[in-house]
Amino acid sequence: NIEDRLPLRFALLLHDIGKSSPGSHDVKGTEAAAVICERLGLDDSTIEKVVFLVYRHLAMFSFSERIDFTEDSAVDKFVGLVRNRGNLDMLYLLTYIDITSVGPGTWTAWKGAQLSELYNKAAIHIERGSLPTSDLEEALANSDIDGDVQRQIVRHCHQFEGNPPYWKAHVPERMLAHVE
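Counting along the sequence shown from 1, when you hit position 121 you're at 122 in the numbering used here, and nothing is skipped either side.
The hints are simulated quantities; they were obtained by calculation from the structure and are not laboratory data. Cβ coordinates follow ideal geometry from the N, Cα and C atoms, glycine included. Hints are supplied without guarantee of correctness; some may be wrong.
Claimed, not checked - If you anchor each label on the Cβ, the simulated ranges turn out as follows:
id, residue 1, residue 2, range
1, I37, S102, 28 to 34 Å
2, E72, G148, 24 to 30 Å
3, V103, Q153, 31 to 37 Å
4, R152, P23, 52 to 58 Å
5, E174, E39, 33 to 39 Å
6, V36, T109, 14 to 20 Å
7, D73, N2, 52 to 58 Å
8, I37, R156, 33 to 39 Å
9, G104, S21, 15 to 21 Å
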């Protein structure tokens, strides 16, 4: 879903360039990346995205590994860092490529699941403007079902208040068939 891949490509090349200087390598790398991109004649928008990715290239892994992002406030904070879906998509790919490129055994199923869950929660938050208030809303948000139809499904499910397993037992597309 990334429209312009150039910032991601440059960030992949430059994200660890700050390791050659003393101090925090994300900060030093950001300074170096900005200068390199300017000298290469990249436009301001592209430079801004590269700088963002280099500066934040450790953030997603840090959030997914060390912060309890099952709490809404943690996801709110992470979304505040990434700001939009394009940044989230590029940061997710940069994080995945960075971790898997370190060496054998560095990438684990647990790390993948943590990153994926954080990515999905952040994507839903960005698209909806808030986090889902229930597991049902989260399941619907992850489906391809239109927002108006999602609301119909939620109303349908509320008919079964005493039977929560109804929506847990049916995928959103099956619930849609029941509504129709």
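Results for each hint:
A beta carbon spacing of about 20 Å between I37 and S102 contradicts the range 28 to 34 Å that was offered as a hint. A hinted range of 24 to 30 Å for the beta carbons of E72 and G148 is consistent with their spacing of about 26 Å. At about 47 Å, the CB distance of V103 to Q153 disagrees with the hint of 31 to 37 Å. Take R152 and P23: their Cβ atoms lie about 55 Å apart, and the range 52 to 58 Å holds.
Judged by the Cβ atoms, the range 33 to 39 Å given for E174 and E39 is violated: they are separated by roughly 49 Å. Hint check: V36 to T109, Cβ distance near 36 Å, so the stated range 14 to 20 Å is violated. D73 and N2 have their C-beta atoms about 24 Å apart, which leaves the hinted 52 to 58 Å range violated. The given range of 33 to 39 Å is broken by I37 and R156, whose C-beta atoms sit roughly 54 Å from each other.
Between G104 and S21 the beta carbon distance is about 20 Å. The supplied range of 15 to 21 Å therefore holds.
Going down the numbered hints, you'll see the structure goes against 1, 3, 5, 6, 7, 8, while the others check out.
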